[in-house]
Amino acid sequence: MRCQPFISCKLPANRPNISNATCTTKDRSVRLNCDVYLYDKSPPLQDVYWTKNEQRLDIQGSGGKYSGVSPDDPSLTINNVNEHDAGNYQLTAINSVGPTKSDDIVLGVPDVVLERTNKNEDGSHCFMITIKSNPAPFFVKWSMKDKESETLQQINVNADEYKGTSTSFPHPMLVVKNPETLENYCFQIEAKNVIGFTEKVIPDETNPVIRISDDNTVENLNRIYERGSRNIMFGKVFDELAEEFPEAKIGRLKDLIQNSCEVEDVTSLKQANSARDCFRILKSENIFTPEDVIFVQYLLKMTECEELETKCVEYAKRQNARYYYEKPPGNIIVR
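Under our numbering, think of the first position of the sequence shown as 932, with each following residue one higher.
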């Protein structure tokens, strides 16, 4: 009886993996939450620490300003938060293989954006706002004043004249029933968080890019391009992935898609001649969407298209789309 030789294969060790960072607020304290994962048999953590604007924070020497941060719970708590705590925060986790850094968490005053204005058939105007704020605001208020006056007074959102007005985060709304009110008064929205506050005047006469179109809608075109519509950015990354995917790997791409049993239209898949055709099928079956790129990320990884996978992940991070952190089968140590 012949014995087969035993081959020992040592798997490469991995750096730590870090989850998406989140921010929560309690009273005047802010907690920056991150989980650090170690793959099975990966070297243990050697150090975890936070930086603010790329400078390492001294937790022990902060006089109680900062607390937390350990290998078991790397989350950072910032106490008695004020305007001086604005900045970019990042967690670093290190083992003997190397360091891993989290995405930045940016703390700052609220960003108030006038998304659009609708002019309704009854002559009323509706101003729709988006507030982007980390940490979340604890106070949102609408005020108004005569254009000849400097004194602001808070709007009664329950009054008939402003019925439909709301201060709900993240999309407050101002409704003005009487068009003459807009001619004689200006309005202001104030959003406040523990870092500070932002005030925005409505309508903003210093912003010439707001225009009223023939269909009674108002669009701030500069804002549309500035914030980068998710659909526009998805179209861009779709085109780049389809254009740059190696032609030599299309057969492998089709096999991976078909063998995954995710696609119902197998006939169209078999007739596909390019990566663009494959991605179109995935999009038509809602497998590859502006909100979810997990399956395409998996395909790019399996076909060893590292640069394209990076583009896919970068899109997901910027647009808050779903993507995955790779976690191989087996036991995972969560820290």
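If you are wondering where the hints come from, they were derived from the structure by calculation, not from laboratory data. One thing to keep in mind: the hints can contain errors.
[Said to hold, decoys possible] Computed cross-link-like contacts, DSBU-like style, restricted to lysine-lysine with a CA-CA straight-line distance of at most 35 Å:
| no. | residue 1 | residue 2 |
| --- | --- | --- |
| 1 | K1050 | K1032 |
| 2 | K983 | K1180 |
| 3 | K1050 | K972 |
| 4 | K1242 | K983 |
| 5 | K1063 | K1201 |
| 6 | K1032 | K1094 |
| 7 | K1201 | K1131 |
| 8 | K1185 | K1167 |
| 9 | K957 | K1214 |
| 10 | K1032 | K1076 |
| 11 | K1094 | K1167 |
| 12 | K1131 | K1248 |
| 13 | K1050 | K996 |
| 14 | K1167 | K1108 |
| 15 | K1063 | K1180 |
| 16 | K1063 | K1078 |
| 17 | K1032 | K1180 |
| 18 | K1072 | K1214 |
| 19 | K1232 | K1167 |
| 20 | K972 | K983 |
| 21 | K972 | K1180 |
| 22 | K972 | K1201 |
| 23 | K1094 | K1072 |
| 24 | K1063 | K1076 |
| 25 | K1050 | K983 |
| 26 | K1185 | K1063 |
| 27 | K983 | K1123 |
| 28 | K957 | K1050 |
| 29 | K1131 | K1078 |
| 30 | K1076 | K1094 |
| 31 | K1078 | K1094 |
| 32 | K1185 | K1123 |
| 33 | K972 | K1167 |
| 34 | K1242 | K1032 |
| 35 | K1076 | K1050 |
| 36 | K1201 | K1214 |
| 37 | K1094 | K1123 |
| 38 | K1167 | K1050 |
| 39 | K1131 | K1180 |
| 40 | K1123 | K1078 |
Being a predicted model, the structure only gives us computed values, none of them experimental.
Is it true that the CA of K972 sits at most 35 Å from the CA of K1180?
The given pair, whose Cα atoms are some 33 Å apart, holds under the 35 Å limit.
Between K1131 and K1248, is the straight-line Cα distance small enough, at 35 Å or below?
Holds, at roughly 28 Å.
For a C-alpha distance cap of 35 Å, please report whether K1242 and K983 respect it.
holds, 26 Å
For the pair supplied as a hint, K957 and K1050, confirm whether the alpha-carbon distance does not exceed 35 Å.
Answer violated: K957 to K1050 is near 39 Å, above 35 Å.
Given pair status - K1123, K1185, alpha carbons within 35 Å
The given pair, whose Cα atoms are some 51 Å apart, is violated under the 35 Å limit.
Would you mind confirming whether the straight-line C-alpha gap from K972 to K1201 stays at or under 35 Å?
violated, 41 Å
Restraint status (C-alpha distance of K1032 to K1094 at most 35 Å)
Violated, at about 48 Å.
Within a Cα-Cα threshold of 35 Å, do K1242 and K1032 meet the stated pairing?
holds, 18 Å
Given the hint that K1167 pairs with K1050, test it: the Cα-Cα distance must not exceed 35 Å.
holds, 32 Å
Does the structure keep K1123 and K1078 at a Cα separation of 35 Å or less?
Since the Cα atoms of K1123 and K1078 sit roughly 24 Å apart, the hinted pair holds (cutoff 35 Å).
Check the hint pairing K1131 with K1180 against an upper bound of 35 Å on the C-alpha distance.
violated, 52 Å
Are K1063 and K1180 close enough, with their CA atoms no more than 35 Å apart?
violated, 41 Å
Of the numbered hints listed earlier, those contradicted by the structure are 1, 2, 3, 5, 6, 7, 9, 10, 11, 13, 14, 15, 18, 22, 25, 26, 28, 32, 33 and 39.
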